[in-house]
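So the protein sequences, as listed, match chains A and B. Each step along the first sequence adds one to the number in numbering that gives the first Met the number 0, with nothing skipped, and position 53 is 52. Each step along the second sequence adds one to the number in numbering that gives the first Met the number 0, with nothing skipped, and position 153 is 152.
Treat the hints as calculated values from the structure; they're not laboratory data. Please note that a few of the clues may not be correct.
[As the list claims (entries may be wrong)] Here are the computed distance ranges between Cβ atoms for each label pair:
no.	chain 1	residue 1	chain 2	residue 2	range
1	B	166	A	30	32 to 42 Å
2	A	29	B	167	19 to 29 Å
3	B	146	A	34	16 to 26 Å
4	A	26	B	323	41 to 51 Å
[Said to hold, decoys possible] Computed list of lysine-lysine pairs in DSBU-like fashion (alpha-carbon distance at most 30 Å, straight line):
no.	chain 1	residue 1	chain 2	residue 2
5	A	37	B	237
6	B	154	A	37
7	A	37	B	309
8	B	237	B	169
9	B	74	B	169
10	B	74	B	162
[Said to hold, decoys possible] These stretches of chain B come out as covered by chain A in the derived footprint (C-beta under 8 Å, 3 or more residues):
no.	segment
11	91-102
12	177-189
Note that beta-carbon positions come from the ideal geometry of N, C-alpha and C, so glycine has one too.
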Amino acid sequence: MLLRIILLLLALSFMQSCGSLSMSDKAVLNHPAMDLTKNQTQDYSGALCKLGDNASSVGQGCTTCAH
Amino acid sequence: MRSLIIFFLLNFSSFAYYQTAGINFTRNNKTNFSNSTEVESGSVSTTALSYGIFDVARYHSFNFSYQQRYLPYDKMKVLTGEGELEPLSQRYGDGPEHWVSFGHDFSMGDWNISTSLGSPIGKVPYSRQNAGVSIRYGVTDRTILLGAGEYQLIKRPESYGTKSNQETIKLPENVNFSRFVLGVEQIVTSRIKMSISGETAVYEDERPRHFGYATKLASALFTSPFNTFFKAGHTYRKEVSSDALYTIGGHLEYRSTFTELTIEPLYDLLFSLSYQLVTERQNEQEVGRVTQLAYDQFGTAVSYDWDDMKTTLKGSYLMPNSEDFENQMNLEGGVEWTF
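Turn these sequences into a full structure, and let the hints steer you where they fit.
Laid out in structure tokens, this is it:
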């Protein structure tokens with residue numbers, strides 16, 4: 000459900016994305032705290048041993064954690 | 000050939016380039032290592048040196064980084080064919096590990112293409128040689144399409160593992176990993192932007208393929224009394240349950256939700272607080288057992304952008320819900336100069 004709402008918002012937003020942005024809008028949207036590719040405090044790229052790259056694992060057998 | 004030389008001469012002539020150099024330290028106190036039949040914890044520390052040269056020629060930038068990692072090999076153990084746990088220090092000494100990576104960035108108009116290569120130098124127990132490419136294309140002023148592909152050749156020490164049915168098997172030493180991501184980043188209003196992406200990845204001959212998605216939102220909340228920003232995101236990944244398991248364990252499922260609040264009390268001085276909840280679930284269909292592990296992670300960071308130097312300090316605290324795993328603390332500090 001959450002995914003559907005997000006997709007709908009994105010679609011609606013895309014349809015009305017004709018207007019250009021002002022310089023002040025761009026300054027806000029390009030602020031480091033608005034960067035969607037990385038976060039300020041932590042790297043959330045993945046945590047599960049086999050589905051991510053580091054931190055912990057479920058159960059036994061994941062000897063590659065934290066690598 | 001002559002036209003190619005002229006092309007390079009024209010492109011790599013005197014453009015107004017700039018360079019960056021950085022040093023970064025991280026220390027993870029009490030990293031948990033799942034050693035087949037037991038969990039041990041030890042400290043991991045990393046020192047990274049980085050260098051970048053930007054706009055060195057029209058559209059091109061390059062970066063290079065070197066990392067030195069100290070891992071507690073004596074706490075990291077593998078199961079031998081005789082059924083004993085053997086510390087990696089017996090095979091690899093004490094380290095440290097040396098890793099390098101190279102990157103190239105091409106930006107022209109609405110296109111941005113980044114490529115990267117990375118590898119350890121010398122012998123390390125868990126080697127990853129990787130090559131990756133990521134593409135960003137601005138369809139409009141507000142919409143960016145994202146695509147990325149990554150390949151890794153993973154090498155591991157000889158080791159054995161126990162399956163759910165108690166059968167002991169030799170684990171693969173060489174694994175090919177590939178991952179593809181497709182997504183879109185959208186500016187929703189002048190103060191909100193969002194992204195959503197789907198991914199699929201597989202550790203060949205080791206794990207079933209997994210699919211997942213990630214969605215993020217960033218918003219500029221207030222400008223008074225100071226700039227305040229909010230960020231949130233959710234990630235979900237699940238292995239295909241009908242695909243066979245090649246090695247030990249069960250089918251895995253991963254959920255992560257995070258929120259982050261950043262304030263800017265002075266220009267270029269940022270304070271951030273964050274919270275993340277991660278849930279990991281393993282379903283061992285063969286024996287009808289489901290294991291779930293969750294953890295809370297609290298983070299904080301402060302950074303300041305001086306005229307030609309950026310300084311960052313970060314800390315996070317991780318609390319697992321299982322007694323098998325210890326609480327972890329991560330600290331990170333870095334300086335980057337631009338000249």
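So, going through the hints one by one against the coordinates:
{"no.": "1", "hint": "166/B to 30/A: 32 to 42 Å", "in the structure": "violated (54 Å)"}
{"no.": "2", "hint": "29/A to 167/B: 19 to 29 Å", "in the structure": "violated (54 Å)"}
{"no.": "3", "hint": "146/B to 34/A: 16 to 26 Å", "in the structure": "holds (18 Å)"}
{"no.": "4", "hint": "26/A to 323/B: 41 to 51 Å", "in the structure": "holds (48 Å)"}
{"no.": "5", "hint": "37/A to 237/B", "in the structure": "holds (23 Å)"}
{"no.": "6", "hint": "154/B to 37/A", "in the structure": "holds (28 Å)"}
{"no.": "7", "hint": "37/A to 309/B", "in the structure": "holds (16 Å)"}
{"no.": "8", "hint": "237/B to 169/B", "in the structure": "holds (25 Å)"}
{"no.": "9", "hint": "74/B to 169/B", "in the structure": "holds (21 Å)"}
{"no.": "10", "hint": "74/B to 162/B", "in the structure": "holds (22 Å)"}
{"no.": "11", "hint": "91-102", "in the structure": "violated (count 0)"}
{"no.": "12", "hint": "177-189", "in the structure": "holds (count 6)"}
The structure does not agree with the numbered hints 1, 2, 11 stated previously, though it agrees with the rest.
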